[in-house]
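Asks: Protein sequence lines correspond, in order, to chains R and A.
With our numbering as the guide, the letters of the first sequence map in order to residues 12 to 246.
With our numbering as the guide, the letters of the second sequence map in order to residues 238 to 462.
Simulated from the structure, these hints should not be mistaken for lab results.
This structure is a prediction, so every number in the text was calculated from the model and none was measured.
The beta-carbon is built from N, C-alpha and C at its ideal position, and this holds for glycine as well.
Any given hint could be a false lead.
[What the hints assert, rightly or not] Derived, one-sided and incomplete: chain R residues facing chain A with beta-carbon distance under 7 Å:
1) Phe90
2) Thr137
3) Ala211
[What the hints assert, rightly or not] So these bits of chain R aren't anywhere near chain A, every CB distance computed over 10 Å:
4) Glu101
5) Lys108
6) Pro131
7) Ala187
[What the hints assert, rightly or not] The calculated label-pair distances, taken between Cβ atoms and stated as ranges, are:
8) Asn207(R) x Thr241(A): 55 to 63 Å
9) Gln302(A) x Glu148(R): 42 to 50 Å
10) Ser95(R) x Pro319(A): 40 to 48 Å
11) Leu159(R) x Gln444(A): 41 to 49 Å
12) Arg401(A) x Gly107(R): 32 to 40 Å
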Amino acid sequence: MDKVFPSLEEAIKDIPDGATVGFTGFFTCGNPIFLTRALAKHGAKNLTIVVMQLGVGNEEINDLLKNGQVKKAICNYPFYRSFSRRSLFEELLRAGKVECDLYPMGTFAEKLRAAGAGIPAFYTPTGAGTLIAEGKEARVFEGKECLLETALPLDYGFVHAWKADRAGNVVFRKTARNYNPDVARAAKITIVEAENIVEAGEIDPDLVHLPGVYVTRVVKVERPTINVTIEAPAK
Amino acid sequence: MAKTFEGIARELIALRIANEIPDGSYANLGIGIPTLVSNWIEGRDIVLEAEVGMLNTGPLAFDEQIDQDLINASCQPVTELPGSSYFASSESFAMIRGGRMDYAVLGALQVAENGDYAGWNVPSANRGKLGNIGGSMDLSVGAKHLFIAMEHATTTGEPKILKRCTYPITAKGVVKKIFTNLAVIEITPKGLVLKEVAPGLTSADVQSVTEAKLIVDPDLKEIGL
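Let the sequences and hints guide you as you build the complete structure.
Replies: What follows is the structure in structure tokens.
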């Protein structure tokens, strides 16, 4: 099985309008920036994007917003850290041009994990008794109030890898791993941008972080240069 | 405007908290004053967890040490230590909700005498039911001991330690201790117990900028640094 695609454009060209697309990345770390840029060029509209956060150190997601490609974002950290600064996403939200579903970070990750593991829903103590419990079924287990949360399956998952082999086995690097394994498992079609591509057999099977069964397509990209900062660049 | 007290510096609030966390603990530090706790535990046998998916997070990285693939949950470049490990976000929160964190130290906008606290949504920001929740709700329900580190009152002297939170809460009845520039307060079934006060302050001073009633510990001390 050879999962390597010749280009980013080829790897994402079947993404239709209205798709649900998941993006890995934790603030500046491990974002699939090349696939996201390609999606901005591709122009698919009415997208539901599933991504940890919006606008902070992630200009590529901002490009999708600027293009009007996003209908809804599902996230856990929608705004700038400061209560006084507004991101593009916040402006669009206030103008009623995008929607937002918010979950606690652990629930967000577990919704992805559950989707990949064939678990349609789960109970978690996180968020019980808070605003995010509104409209959710609550039940007490072992004396703890818990909320029913559902899995979050993705049509497409964008993953950034340090190394992949042609069979789709993947190795991540340091904290750039973050949501990658969860996004990859949750998606029907998982597309990996990899800084390095090697032949099958060149990755020690004991050291594979993501087995190839979860990976649909692999594309070679350059190692990006990332400015590690949470503040948006000055305009 | 209410009377204000300066109390101790943010770095010293962090030191006081570091003294409270025993060797052999796993701990998670939130953004703000909690992050400063990491400056006081070098050489201690305390393993820090970062929500991004790392155990045994090392000191901040500078200059050539900076690796773009290695950050903490506050998006600061950090370093590895012997025994560090990396894992996926879902696993990071499995260990948090699963009770593996002995301590979580988080910031707050308000704390109430019933152990509720609020830290993710300021009504005046007018963001409705949305806000940056991040990992705070998971840490709150998962950690064995939840400590709050914050300034005791707002910049205009309004109390942040209240009978009940007026902002949307992060979690119900979870806070064990509050560490501020003015005091160390324990949350007990009987109410808030004032354990320690900043040098030069009296329990009455602390009460004057605290809405909730403080029970003064018979053994009241100066903040132990």
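Asks: All hints are to be evaluated individually against the structure, with a verdict given for each.
Replies: Evaluation of the provided hints:
no. : hint                              : verdict
1   : Phe90                             : holds, 6 Å
2   : Thr137                            : holds, 5 Å
3   : Ala211                            : violated, 23 Å
4   : Glu101                            : violated, 8 Å
5   : Lys108                            : holds, 15 Å
6   : Pro131                            : holds, 16 Å
7   : Ala187                            : violated, 4 Å
8   : Asn207(R) x Thr241(A): 55 to 63 Å : holds, 56 Å
9   : Gln302(A) x Glu148(R): 42 to 50 Å : holds, 48 Å
10  : Ser95(R) x Pro319(A): 40 to 48 Å  : holds, 41 Å
11  : Leu159(R) x Gln444(A): 41 to 49 Å : holds, 42 Å
12  : Arg401(A) x Gly107(R): 32 to 40 Å : holds, 33 Å
Checked against the numbered hints above, the structure breaks hints 3, 4 and 7 and satisfies the rest.
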